[in-house]
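The residues making up each chain are set out below.
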Amino acid sequence: MLNISLGSVDIPLKSVFNSLWSQDAEKETWNYIILNYRLPKAITAILVGCGLSISGLLMQTLFRNPLAGPYVLGISSGASLGVAMLILGSSILGGSFSGLAQSQFLISLSASVGSFLVLFAVMIVSKQVKNTMSILIIGLMFSSLTSAVISVLAYFSSAENLQQYMFWGFGSLGNLTWTELLIFFSIFVLASLLILPVIKPLNSLLLGENYAKSIGINIKRTKNLILIATSLFTGVITAFAGPIAFIGLAAPHMTKLILNTSNHKLLLPASALLGANIMLISDTIAQMPNSEYTLPINAITTMFGAPIVIWLLVRKKKMVL
Amino acid sequence: MHEMNEHIVLKTKNLSIGYPAKKGDRIVADHINVELQKGKLTCLIGKNGVGKSTLLRTLSKMQPRLKGDIELENKNIDDFTRNQLAKKISLVLTERIPTSNLTVFELIALGRQPYTNWIGKLNDEDIRQIQLAIEQSHLEDLVNQRCDELSDGQLQRAMICRALAQNTDIIILDEPTAHLDIQHKIETFKLLSNIAQHLNRSILISSHEVQLATQMASQLWLMTNQKMIIGEPRSLIESNEINLLFDSSSISFDKESNQFNIK
Chain D
329 MLNISLGSVD
339 IPLKSVFNSL
349 WSQDAEKETW
359 NYIILNYRLP
369 KAITAILVGC
379 GLSISGLLMQ
389 TLFRNPLAGP
399 YVLGISSGAS
409 LGVAMLILGS
419 SILGGSFSGL
429 AQSQFLISLS
439 ASVGSFLVLF
449 AVMIVSKQVK
459 NTMSILIIGL
469 MFSSLTSAVI
479 SVLAYFSSAE
489 NLQQYMFWGF
499 GSLGNLTWTE
509 LLIFFSIFVL
519 ASLLILPVIK
529 PLNSLLLGEN
539 YAKSIGINIK
549 RTKNLILIAT
559 SLFTGVITAF
569 AGPIAFIGLA
579 APHMTKLILN
589 TSNHKLLLPA
599 SALLGANIML
609 ISDTIAQMPN
619 SEYTLPINAI
629 TTMFGAPIVI
639 WLLVRKKKMV
649 L
Chain S
32 MHEMNEHIVL
42 KTKNLSIGYP
52 AKKGDRIVAD
62 HINVELQKGK
72 LTCLIGKNGV
82 GKSTLLRTLS
92 KMQPRLKGDI
102 ELENKNIDDF
112 TRNQLAKKIS
122 LVLTERIPTS
132 NLTVFELIAL
142 GRQPYTNWIG
152 KLNDEDIRQI
162 QLAIEQSHLE
172 DLVNQRCDEL
182 SDGQLQRAMI
192 CRALAQNTDI
202 IILDEPTAHL
212 DIQHKIETFK
222 LLSNIAQHLN
232 RSILISSHEV
242 QLATQMASQL
252 WLMTNQKMII
262 GEPRSLIESN
272 EINLLFDSSS
282 ISFDKESNQF
292 NIK
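Those protein sequences? They're chains D and S, same order as listed.
The numbers in the first sequence follow our numbering, run straight up by one, and end at 649.
The numbers in the second sequence follow our numbering, run straight up by one, and end at 294.
Treat the hints with care, as some may be off.
[What the hints assert, rightly or not] Output of the computed footprint for chain S on chain D, the stretches with three or more beta carbons under 8 Å from beta carbons of chain S:
no. : segment
1   : 536-545
2   : 550-562
3   : 589-602
[Claimed, not checked] Capping the alpha-carbon separation at 27 Å, the derived lysine-lysine pairs in BS3-like fashion look like this:
no. : chain 1 : residue 1 : chain 2 : residue 2
4   : D       : K548      : S       : K78
5   : D       : K541      : S       : K119
6   : S       : K92       : D       : K541
7   : D       : K541      : D       : K455
8   : S       : K53       : D       : K455
9   : S       : K106      : S       : K71
10  : S       : K44       : S       : K98
11  : S       : K69       : S       : K98
12  : S       : K78       : S       : K92
13  : S       : K69       : D       : K541
14  : S       : K118      : D       : K548
15  : D       : K548      : S       : K92
Don't read these hints as lab results, they were simulated from the structure.
Everything numeric in this text was worked out from a predicted model, so none of it was measured.
Note that the Cβ used here is the ideal one computed from N, Cα and C, for glycine as well.
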C-alpha cells in the first residue's frame, strides 16, 4: 500500500516522465525538481500523516472518547495561536523581530509551546470534569478562544505579516528545504521515541484509568508522556505544514474499523501508515494533475476522507476506541 | 501466634478512610481494624453510602487513606510500588469499561501486564496462567468474542477471569453481582468461593446480597455508620447484629429460615 502511494506522488504529473527521461538532455532541471521539491514534499506528507494519526489515536485512548483528536480538542488551534503570536506579534512589537519570525525553528517552537499549553489546559479541566462530552465542548471553546485572539492580533498587524500567516493557515506540504526537513524529522523521531514506553499502558487504558492503575500502570507518567509527545507532534506539524484538519480524527478510526482491533501494538503503526497514505493521496490530488495550480491541502484531506469515515461508520454502525 | 499470622495477608490498624479537603477531611469511617485471611471469601455488607466502596478503594490503594496503616504481608503497603502491588492485589470495579474492539482473550491477557515486558509480550508462563484462569471461570466458549458483544453476566465473569490471570493473593471486588439476575448472582458467588477455597486466595467483595453472603461467605464485615462488626455469618445472625443493616424495626432477619421477615 505504501509503495503504491509513494509512487502516486511522483507518478501522476510530469514526474513519471521525469524518471523515464532521466537520461535525457533535460534531466538536470527534472532532477532538481524531484530532489529539492518533490522528494521533500513526499517525506513531509508521510511525516505529517503519521504524526497526526498517532496524535489522534493517543488522544482518543487517553480521553477514552472516539471524538477526540488534535483538531477537535483545540490543540491545533493552540499551535496556530503560537505561530500567530510569533508572525503577527512581531509586527506589533516592531521591525527588529520580523527577521526572527521567518525562522522555521522559532515557528515550530512557538507552535509546540502553543499546543502544549492548550493540551495542558484541557488535561487540567478534564481532571475536574469527568464527563467526556464536556471535555470536548471545552476543547471547542479553547479553539474558539484562540481564534478570537488570533483575529485581534490580525487586526493590529501589518498586511505583509497577515498574508504570511494566511498562507501558512491554508496548510502546505511544500516549501520545506532539506534543513527544515531535518529539524522536522528529528523532532518527529524524538516524539516517536516518547510513545514507545506508553504502548503497553495505552492498552490498559482501554479499561479506564482505575483498572489501568490496578494492573500496575503509572498513570501520571503515562499521561505526561502522551501529553508531551502529542504536543510535539502537533506542534511541529502545524508549524511546518499549517493546521491540517481531519487526519488526526479520521485515520485512527479508519484503522480501527478496518483492522477490528484495539491493540495499540497494531493500531499505532497501522494508523501511522494509513495516515501517511491519506496524506500522500491528498497531496497528489491537491497538485491537480496537468495544471499549474495547487489546492490547499486542508480542503483535500477533508473532502477525501470525510466520506470514507461516514461510509465506514454507516456500514459498521458504531464508533469504538 | 506466629502460626496464625501467616494466614493473614492484609491487615489494617486504626484505619481512617474518606476524602481529604482543604477545610478539614471528610471522614467516611475511622478506627477500622480488619484482617483478610487466606483461602477465605469475605463479604463486606452495609447500607448504601456507608463507605463500602471507599473502604475497598482505600485497601487497594486506589485512593489515599486519611490515617492509620495498612499492612500487606506484614509490610507497610506504601513500601510496594504500583507494579509490585498489582502482583498482590487485583480488582474488579463497578465502573463499566469503555466500548472498544477488545476481545475477551485480550481483556484477560491485560491481567498479565504486571508481569510482561515493556511492550506487553506474553511469554509461555503468561499464556499458561491465562488458560488456567479461563478454565477456572468456564469462559472457554467466549474467548474469541468481542467484549461489547457479551451480556452483563458474561462480562462480569470475564472481568473476574482477568483478575484471576493477574495471579494475586488478594482479589477485591466491588459489588460484582450488581447488575446480574439471581442465577448469575449465585453462580458468581459460587465461582468466587471456589476460587478462595481451592486456589487459596483471599477474596473480599462488597455486596447487597445479604442472604447469599450469609450462605457463601466465611467471614462477614458488617459496616455501619458507627462501627465495623466482624464475624462468621452464623454468629452475626445469632447475635441479631445483622439487623443493624436495617433502620426500621419492621424488617428483621429470621434465624431459622435465613431470610428477611417483614412485619
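- prompt: Between K541 (chain D) and K455 (chain D), is the straight-line Cα distance small enough, at 27 Å or below?
  reply: Between K541 (chain D) and K455 (chain D) the Cα gap is close to 16 Å, so the pair holds against 27 Å.
query: Does the alpha-carbon distance linking K548 (chain D) and K78 (chain S) stay inside the 27 Å limit?
result: It is violated: about 34 Å lies between the C-alpha atoms, which goes past 27 Å.
message: Against the 27 Å threshold, does the CA-CA distance of K548 (chain D) and K92 (chain S) hold or violate the hint?
response: Measuring from Cα to Cα gives roughly 15 Å; hence the hint holds.
query: Is the Cα-Cα distance between K92 (chain S) and K541 (chain D) 27 Å or less?
result: 9 Å, holds
message: So if I understand the rule, the pair passes when the alpha-carbon distance is 27 Å or less; does K118 (chain S) with K548 (chain D) pass?
response: Distance ~20 Å between K118 (chain S) and K548 (chain D) Cα, so the pair holds.
- request: Measure nothing beyond the straight line between the CA atoms of K53 (chain S) and K455 (chain D); if it is 27 Å or shorter, mark the hint as holding.
  value: 18 Å, holds
message: Does K98 (chain S) sit within 27 Å of K69 (chain S), going by the straight-line distance between their CA atoms?
response: OK: K69 (chain S) and K98 (chain S) at ~25 Å, within 27 Å.
task: Would you mind confirming whether the straight-line C-alpha gap from K69 (chain S) to K541 (chain D) stays at or under 27 Å?
output: 24 Å, holds
task: Take the C-alpha atoms of K44 (chain S) and K98 (chain S), compute the straight-line distance between them, and say whether it is at most 27 Å.
output: 9 Å, holds
query: Is it true that the CA of K78 (chain S) sits at most 27 Å from the CA of K92 (chain S)?
result: 23 Å, holds
- prompt: Under a C-beta cut-off of less than 8 Å, do 3 or more residues of the segment 589-602 of chain D approach chain S closely enough to confirm the stated coverage?
  reply: It holds, with 4 qualifying residues against the three required.
message: Run the distance test for K106 (chain S) versus K71 (chain S): straight-line Cα separation, threshold 27 Å.
response: 21 Å, holds
The structure is inconsistent with the numbered hints 2 and 4, although it conforms to all the rest.
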